[in-house]
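Residue 285 in full-length UniProt numbering is what sits at position 285 of the sequence shown, and the numbering runs on without skipping anything.
If you are wondering where the hints come from, they were derived from the structure by calculation, not from laboratory data. The model shown is predicted, which means the values in this text are computed figures rather than measured ones. Where hints are given, some of them may not hold.
[Said to hold, decoys possible] Cβ pair distances, simulated, as ranges:
#, residue 1, residue 2, range
1, R248, Y272, 26 to 36 Å
2, R142, K284, 31 to 41 Å
3, G269, R142, 25 to 35 Å
4, I49, S119, 14 to 24 Å
5, K276, R193, 38 to 48 Å
6, E246, Q318, 28 to 38 Å
7, E246, A162, 26 to 36 Å
8, P29, K280, 48 to 58 Å
[Said to hold, decoys possible] Quick list of in silico lysine-lysine cross-link-like pairs, BS3-like style, CA-CA up to 27 Å:
#, residue 1, residue 2
9, K292, K235
10, K276, K292
11, K186, K165
12, K222, K186
13, K307, K292
14, K312, K350
15, K350, K284
16, K111, K186
17, K312, K284
18, K276, K316
19, K191, K111
20, K235, K210
21, K222, K350
22, K312, K292
23, K191, K235
24, K350, K316
25, K242, K276
26, K222, K280
27, K292, K350
28, K222, K242
29, K235, K222
30, K276, K307
31, K312, K280
32, K312, K242
33, K210, K292
34, K284, K307
35, K292, K222
36, K307, K242
37, K242, K280
Where a beta carbon is used, it is the ideal one built from N, C-alpha and C, also for glycine.
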Amino acid sequence: MSSKLDEVCRKDSKIRASFILYEFRLGKPIFQCYKDLCARMGPKFMDYIEFEFWWMRFSAGNFDLDYDRGQDPKYRTITDMPVHIFEKICENLGENDYQIEYRFIFRNVCKSFRALADSWIPNFENVSIESYPTAVILNFDRARLRYSDENEALSDLISIIAHPKHEFDNFDIYDVIDILDEFTLKLESLKLRIHVENVYLGYGNWEIQKRLLPFYQAETVKMVYGNGSEQQNLKLIDEICKLDREERVGKDQKDENLKSILFSRMEIGFHYLFIKQVTKIIKKILRFSNLKYFHLKTEIRSFSQLKSDIRKYGAKIQSDNPMIFHYPIPNSSDFLEIQLGNDGIRIERKSA
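Take the sequences, apply the hints, and build the full model.
As structure tokens, then:
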């Protein structure tokens with residue numbers, strides 16, 4: 001390829017920078033991308049210092065290719081250091097988690113330090129946010145950070161949510177009504193989605209959670225858990241089913257905007273329910289439009305009345321297993337398999 005490349009193009013700084021931008025967008029480590037570029041263009045095409053310069057600009061979110069290198073400073077600073085080297089130094093500064101120790105400190109030193117810190121792939125599994133009249137609390141795994149400035153707290157939190165290579169195991173919110181408007185506005189303006197595997201909901205803060213539902217990335221959610229008392233979880237199921245009914249009425253919405261997709265896999269537990277309550281829940285869940293899996297965890301002491309009620313809904317008992325029913329899904333060849341057990345009821349969508 002290099003032999004056919006016009007010499008003028010090889011000397012054009014904007015074209016050279018565009019080659020680096022292409023490599024940057026592949027998402028590989030900086031050294032690997034530099035080696036790949038040299039392998040294609042020849043070892044003398046570009047030295048590492050030039051490659052690193054543009055890479056660092058792109059890492060900081062600056063994609064202007066018209067920059068004049070004549071404006072470069074005559075000396076180099078710590079922020080000119082390769083990202084992975086800077087991160088390695090921080091990693092070896094102490095025994096504690098360097099991301100907790102230094103990430104959020106560096107973010108608030110200056111813009112160049114912020115760009116370096118934000119380039120680190122977050123390693124936090126459990127994140128939560130709490131808001132109080134005098135402080136905002138962010139919890140990152142075992143670390144608890146207190147902020148007197150809510151803008152600084154939201155900036156640090158958004159920097160983690162915005163990283164394209166990170167998913168949370170759990171993301172929880174507590175009493176954030178004071179900053180909810182600003183938080184959702186930032187998510188909306190930046191077109192961000194919260195990538196999380198497990199969502200814990202409670203009726204006690206349902207109105208807050210409902211405001212955040214459009215910002216969860218549905219494809220990453222593996223399970224939604226009901227997190228409350230018996231009465232709260234009964235009300236939570238009612239609210240989830242109400243949400244699904246409202247969206248089925250508003251069919252003009254695009255599928256990717258449907259909040260009920262988040263609830264395709266649910267697990268909600270109760271210490272004990274009366275059979276009448278169990279059958280009402282099953283009836284509601286069978287009508288849920290996006291259901292793939294539902295586990296109603298509860299103790300069931302008698303199955304005879306429950307089986308009779310399930311058959312009334314149109315489910316057919318399977319001759320080879322009297323504890324399994326098949327419920328046909330309207331306008332589909334799929335069905336919902338209802339399995340009764342000592343640990344409750346599992347409903348799972350299957351293909352015929």
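Comparing the hints with the structure gives:
1. For R248 and Y272, the Cβ-Cβ distance of about 32 Å falls inside the hinted range of 26 to 36 Å, so the restraint holds.
2. In this structure the supplied range 31 to 41 Å holds for R142 paired with K284, their Cβ-Cβ distance being about 39 Å.
3. Restraint check, G269 to R142: a C-beta distance of roughly 26 Å satisfies the suggested window 25 to 35 Å.
4. Judged by the Cβ atoms, the range 14 to 24 Å given for I49 and S119 holds: they are separated by roughly 19 Å.
5. Checked against the hint of 38 to 48 Å, the pair K276 and R193 passes, with Cβ atoms roughly 40 Å apart.
6. Here the CB-CB span from E246 to Q318 is close to 34 Å, well matched to the stated 28 to 38 Å.
7. Our hint of 26 to 36 Å for E246 and A162 holds, since their Cβ atoms are close to 30 Å apart.
8. Between P29 and K280 the CB atoms are about 55 Å apart, so this pair conforms to the stated range of 48 to 58 Å.
9. With a CA separation close to 21 Å, the supplied pair K292 and K235 stays within the 27 Å bound.
10. For the proposed pair K276 and K292, the alpha carbon gap of about 24 Å is at most 27 Å, so the pair holds.
11. Restraint check: the Cα-Cα separation between K186 and K165 comes to about 20 Å, which is no more than 27 Å; the hinted pair holds.
12. Between K222 and K186 the CA atoms are separated by roughly 25 Å; this keeps the pair inside 27 Å, and the hint holds.
13. Proposed proximity of K307 and K292 is supported: the alpha carbons are some 21 Å apart, at most 27 Å.
14. For the suggested pair K312 and K350, the alpha carbons sit about 21 Å apart, so the restraint of at most 27 Å is met.
15. Simply put, K350 and K284 have alpha-carbon atoms about 18 Å apart, close enough for the 27 Å limit, and the pair holds.
16. At roughly 19 Å between alpha-carbon atoms, K111 and K186 fall within 27 Å of each other, so this suggested pair holds.
17. Of the pairs offered as hints, the one joining K312 and K284 holds, with about 14 Å between alpha carbons and a cut-off of 27 Å not exceeded.
18. Restraint check for K276 and K316: the C-alpha separation of about 20 Å stays at or below 27 Å, so the hint holds.
19. Pair hint K191 plus K111 holds up; C-alpha atoms about 22 Å apart against a cutoff of 27 Å.
20. Taking the CA atoms of K235 and K210, the gap is near 14 Å; set against the 27 Å cutoff, the hint holds.
21. Between K222 and K350 the alpha-carbon distance is near 17 Å, which keeps this suggested pair within the 27 Å criterion.
22. Proposed proximity of K312 and K292 is supported: the alpha carbons are some 22 Å apart, at most 27 Å.
23. Taken as a hint, the K191 and K235 pair is broken in the structure, with Cα atoms around 31 Å apart against an allowance of 27 Å.
24. Annotation: proposed proximity of K350 to K316 holds, straight-line Cα distance about 15 Å (limit 27 Å).
25. For the hint linking K242 to K276, the alpha-carbon distance of about 20 Å falls within 27 Å, and the restraint holds.
26. About 25 Å separates the Cα atoms of K222 and K280, which keeps this hinted pair within 27 Å; it holds.
27. For a cut-off of 27 Å, the pair hint linking K292 to K350 stands: about 8 Å separates their Cα positions.
28. At most 27 Å may separate the alpha-carbon atoms for a hinted pair to count; K222 and K242 meet this at roughly 21 Å.
29. With a CA separation close to 22 Å, the supplied pair K235 and K222 stays within the 27 Å bound.
30. In summary, the hint linking K276 to K307 is supported, as the alpha carbons are separated by about 12 Å, within the 27 Å threshold.
31. Taken as a hint, the K312 and K280 pair is honoured in the structure, with Cα atoms around 12 Å apart against an allowance of 27 Å.
32. Annotation: proposed proximity of K312 to K242 holds, straight-line Cα distance about 23 Å (limit 27 Å).
33. Restraint check for K210 and K292: the C-alpha separation of about 21 Å stays at or below 27 Å, so the hint holds.
34. Between K284 and K307 the alpha-carbon distance is near 16 Å, which keeps this suggested pair within the 27 Å criterion.
35. At roughly 11 Å between alpha-carbon atoms, K292 and K222 fall within 27 Å of each other, so this suggested pair holds.
36. Of the pairs offered as hints, the one joining K307 and K242 holds, with about 26 Å between alpha carbons and a cut-off of 27 Å not exceeded.
37. Under the criterion of a C-alpha separation no larger than 27 Å, the hint pairing K242 with K280 is consistent with the structure, at around 14 Å.
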